[in-house]
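The lines below spell out each chain.
Number of protein chains: 2
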Amino acid sequence: MVLINGKLTSTVDVTDRGLHYGDGLFETIEVIQQQPVFFAQHIARLKAGCLRLKLPFPDSALLSAEVAQLCANIQHGVLKIMLTRGSGGRGYRQPDVISVTRYLAIHPYPNYPEPYQQIGIKARFCTARLGINPLLAGIKHNNRLEQVLARAEWQEQYQEGLMLNIHEQVIEGTMSNIFAIKDQQLYTPDLNQSGIQGIMRQIILQQQPVKVATISPDFILQADELFITNSVIGVWPIIQLEQQNYAVGSVTQRVAQQLAAEKQRECAAC
Amino acid sequence: MVLINGKLTSTVDVTDRGLHYGDGLFETIEVIQQQPVFFAQHIARLKAGCLRLKLPFPDSALLSAEVAQLCANIQHGVLKIMLTRGSGGRGYRQPDVISVTRYLAIHPYPNYPEPYQQIGIKARFCTARLGINPLLAGIKHNNRLEQVLARAEWQEQYQEGLMLNIHEQVIEGTMSNIFAIKDQQLYTPDLNQSGIQGIMRQIILQQQPVKVATISPDFILQADELFITNSVIGVWPIIQLEQQNYAVGSVTQRVAQQLAAEKQRECAAC
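One line per chain: the protein sequences are Z and B, in this order. Letter by letter, the first sequence follows residues 23 to 292 of our numbering. Letter by letter, the second sequence follows residues 23 to 292 of our numbering.
Treat the hints with care, since some could be wrong.
One copy or any two copies: either way a pair holds, since identical chains are not told apart in the list.
[To be verified] List time: in silico DSBU-like cross-link candidates among lysine-lysine, alpha-carbon distance up to 30 Å: (1) Lys76 x Lys144; (2) Lys144 x Lys102; (3) Lys204 x Lys69; (4) Lys285 x Lys102; (5) Lys162 x Lys29; (6) Lys102 x Lys204; (7) Lys29 x Lys204; (8) Lys29 x Lys233; (9) Lys144 x Lys29.
Rather than coming from a laboratory, the hints here were simulated on the basis of the structure.
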């Protein structure tokens, strides 16, 4: 089900700048018993993205009402919010008056074949390299060809691929952020030049002492524990990366429990 | 007028991956008396882009027939061809079977207020910096937020903005390629790490000895002549860049004449 600017629809105008230039931003939010989880944090990131892209943020009350309309009767699902710069003529120049397109869609919660939170996942290093782009780093914008190309490198054999940047530093998964544990210390890549600052990552950084650092593939391979995070999956431990095996360790379990506790504080039904 | 997959329409499916991820490519082609100019070269670049993005190229005869349909009765216009990865579910993973969206649109030829080919233009250096991204450099893909942000830096005071990369090297204009002349020698930036390899640039490189080089803003400021190129404007000399003034010089005029001659060979009506 898709609402565009408040109307149920299955199409968008051909002049939309989202289509032509990826000129927009999005959020992907877990919905539990009608409630979009960590909604305030997602909206805050979306606002920060709008500021960076000079997109006017829509009326908050209107957006919240549309979100509530879409999430009514949803027991467990995924809400996608996308904002684009709306319609425009040919060429990069934006219209003098920007009329943002509000796209809201509700999807079923993914039916993962295994309880990956408990048993962990297999991951690989991707061949596609992330560029270095401080202008756009951190925000969840619609220019996502790097992730598309990386995700096209495998089918079902892995649950995630880790992406390096052109300097061979580990940055993120194609759809997730990555954390490594070495000698009980948590590490996660610095995302000032590439990558998306995930909401789960942000909450973990508030809950735990984490070293935000430049991280090599060797460091990742020699870690004691590894896990990935995103707003739909929560925490997935990595139990195999290339030829290396990892346990689902105690630090990963503690992080997952603290994240679950925060989710419960935020959402009684969680 | 817009044709999508052969049908006249004003909308595209909300699930199109062009909208969600900028997962596509495009070409912008001048049309003179029903003929898309340098069509073979544009199609060749589009095919190269498809190869890079692992997009299947549509049936060539079908595409050509749709182009002819759209260009019928067009005296002077601009044809936009866009290919996207078509519809897909939520997430970066592409569908197992990709059904490319063929988007064709015809636009009026822009009504420039001045004969910029003759009198030249004013340009500026943009603040927005291009990232370093060998994975996507060169091709004309739909991930164009860098150009959108750069073009948003001014309104009408200039006709183009020159973009530097994060290493402070000059790469291109927001909608054009840049050439500099020093001591009768032509120079243009290397585009292996950022930027779009324009069709006009490519033809000039075939016609003239041009040094493809790393180019600093100082080199550009100290050049004897400067000009920009794209498929719609042809050659526009730069007569003012920041505080620096330039003549419309003899090398620029020679390049413009040779490009015009090539255009006439290709297209009797040009």
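Taking the hints in turn, this is what the structure says about them:
1. Lys76 x Lys144: between (39 Å within a copy, 25 Å between copies)
2. Lys144 x Lys102: For Lys144 and Lys102, only the intra-copy Cα distance (26 Å) is at most 30 Å; the inter-copy one is 43 Å.
3. Lys204 x Lys69: neither (35 Å within a copy, 46 Å between copies)
4. Lys285 x Lys102: within (19 Å within a copy, 47 Å between copies)
5. Lys162 x Lys29: within (24 Å within a copy, 33 Å between copies)
6. Lys102 x Lys204: For Lys102 and Lys204, the Cα distance exceeds 30 Å both inside one copy (35 Å) and across copies (52 Å).
7. Lys29 x Lys204: neither (50 Å within a copy, 58 Å between copies)
8. Lys29 x Lys233: Neither way: Lys29 and Lys233 sit 45 Å apart in one copy and 54 Å across, limit 30 Å.
9. Lys144 x Lys29: neither (41 Å within a copy, 44 Å between copies)
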